[in-house]
Amino acid sequence: MKKIVDISIPLGPVHPCFREPVRIMCETKGEYVLSCETELGYMKRGIERIMRGKPWQEVMFIAERVCGVCSVIHNMVFIESIEKISGIEVSPRALYLRVIANEFDRIQSHLLANISYCNTIGHETLAMYLLNERESVMDELERLTGARVTCSYIIPGGVRFDISDEEMRSIPVRLKKLEVNVNQWMNMFSTGPLIALRSRGIGILTEESARLNHAVGPLARGSGITFDCRLEHPVYQKLDFVSIVSNGKDNYARVMLRFSEIIQSIDLIKTALATLPGGLVRFGGIPKAGEITHSGEAPRGQLTYFIKTDDAGRIIDIAIETPSIMNIEVCMQKMIPGLESIADVASVFVSIDPCIACTER
Amino acid sequence: MVSLYYYIQEVARLRWWKSFFFPRTQALVSPPYFRDFPESTGNPCSHTLLCMMVCPSPGAIEVLKTEKGWIPFIHKECCIRCGICVEACPHNVLQSGKVREWTQIQSSHLNCSFYIEIKDFKCTGCGNCSSACPVNIEIRDRDSNSNKLEISNNLVIRVGSKGKVKVQNSDKCTGCKICETVCPNNSIYIVKILEARQGVVN
Chain A
35 MKKIVDISIP LGPVHPCFRE PVRIMCETKG EYVLSCETEL GYMKRGIERI MRGKPWQEVM
95 FIAERVCGVC SVIHNMVFIE SIEKISGIEV SPRALYLRVI ANEFDRIQSH LLANISYCNT
155 IGHETLAMYL LNERESVMDE LERLTGARVT CSYIIPGGVR FDISDEEMRS IPVRLKKLEV
215 NVNQWMNMFS TGPLIALRSR GIGILTEESA RLNHAVGPLA RGSGITFDCR LEHPVYQKLD
275 FVSIVSNGKD NYARVMLRFS EIIQSIDLIK TALATLPGGL VRFGGIPKAG EITHSGEAPR
335 GQLTYFIKTD DAGRIIDIAI ETPSIMNIEV CMQKMIPGLE SIADVASVFV SIDPCIACTE
395 R
Chain B
9 MVSLYYYIQE VARLRWWKSF FFPRTQALVS PPYFRDFPES TGNPCSHTLL CMMVCPSPGA
69 IEVLKTEKGW IPFIHKECCI RCGICVEACP HNVLQSGKVR EWTQIQSSHL NCSFYIEIKD
129 FKCTGCGNCS SACPVNIEIR DRDSNSNKLE ISNNLVIRVG SKGKVKVQNS DKCTGCKICE
189 TVCPNNSIYI VKILEARQGV VN
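Heads up: the protein sequence lines correspond to chains A and B, in order.
Counting along the first sequence from 1, when you hit position 228 you're at 262 in this note's numbering, and nothing is skipped either side.
Counting along the second sequence from 1, when you hit position 175 you're at 183 in this note's numbering, and nothing is skipped either side.
You may find that some hints are simply not true.
[Stated by the list, open to error] Label pairs and their in silico Cβ distance ranges:
hint, chain 1, residue 1, chain 2, residue 2, range
1, A, M162, B, P31, 56 to 62 Å
2, A, S198, B, D44, 44 to 50 Å
3, B, P39, A, E242, 31 to 37 Å
4, A, T327, B, K76, 34 to 40 Å
5, A, P44, B, W78, 54 to 60 Å
6, A, M162, B, P39, 20 to 26 Å
7, B, K84, A, E65, 51 to 57 Å
8, A, S198, B, V190, 44 to 50 Å
Hint data in this document are derived by calculation from the structure and do not stem from the laboratory.
All C-beta atoms, glycine included, are put in the ideal place defined by N, C-alpha and C.
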């Protein structure tokens, strides 16, 4: 019988390029990758089980800890679904402040994704430059909310702290500096010949297979699909949000899409600060019984919460659907098989920005 | 020999010794707006226990009795630094980052009430919760001279006529959860209802 598979190569669970533990088994023929499958289960914490039976004010803090990188959106979607269940009115000023915090979170998450991609393809200089920029964004989050990662900023009916007048004046100045720097690194990435050699035409995901396999987030937008939950959000509609779509379909297109989304987020924050309505930031409100399915746009794609509460505001049932599970599956089914080199497996996998902590919860 | 000569020449400089003993790198200081572990402001604690009741992390804050009076004690291994206790404290005992300052600027506060839930199909009517409840004990001590029926009507929870525990005055509950711990059947639950408000206190 003819031998087809030469060798099966495992990547991970501990791999210098992956931020979180995941195992990829690749079957190769020479340098060609024939097929691959993923092995999850190294980060399982059972968060949904812990959440059941607890009152919302405890679950609010647990929901933030589902993901360390995109914690603000988890808080936001959870609180928004609680508000929709009980019909709590939200202060308009707080709605804008939520968007500002969320966009800062998106900037730092996209920067981290690009950092790991640059690190994976071996361009450590650019990775360090971007890491430096990310630190300034984390400082902005800390100034606004008091903490770098687990902000716990959003509560039913509003936000916890108002923004001070001094910050209102100083944030656009610092954002301008950030925009200049990000443009510089974006230019560095787009003109680098060796970066193009490792990124252009590698990890191609066609629009058809992205649609069939339900790819979400920058992965779908990099393949030409206009799909963004922010388009349905009332505040983003007021800020004239338009989703960025790229038709490149490869690693290079996805990384450049994230760079352009960072620039877009900076503009969104500037517009939100300029048109910030006045008034109180908290309207109060007590959660009631009910159930709902609510979605929001996380940095990695669509994030959905299914929540069922009782009279006292306790969570009876909860299910979280995170974007990374779809994206990892698309990557394993469509992007990695057929790669011309085993060396590209890690970079293709990192280019979809997988978040294993989100996926397994 | 030459390398040894250079080595001695290097070490003999005054600047080398200065940089060796007095490094110029400054110690890391967290910024004033960072929401760190709650600290005491020095105001006397009035033992309302609201900080303990609103804390989302189990066992992170305890109000202990010392020679100087009641003090809130933070268990740093459990505290998640959310700053909810700082917001809830009515007498400005705790502070953490900009939380204390902003609650005063915004005049924001947390309305805290408690909902007592009794599962009738599990309750055996033993009355442990009623006799252990500290508010009940206080009421009994205070009104020991008055009519017995009057006392039992004032209690938070008591064993009713049908042999089941019933809730009478849930607004008096302080949320200490002692009834939860003494219940042999896990049939009583205290749920805190928190409302974040801004403006004048009702």
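Against the structure shown, which of the earlier numbered hints fail to hold, in ascending order? The structure conflicts with hints 1, 2, 3 and 4, although it agrees with all the remaining ones.
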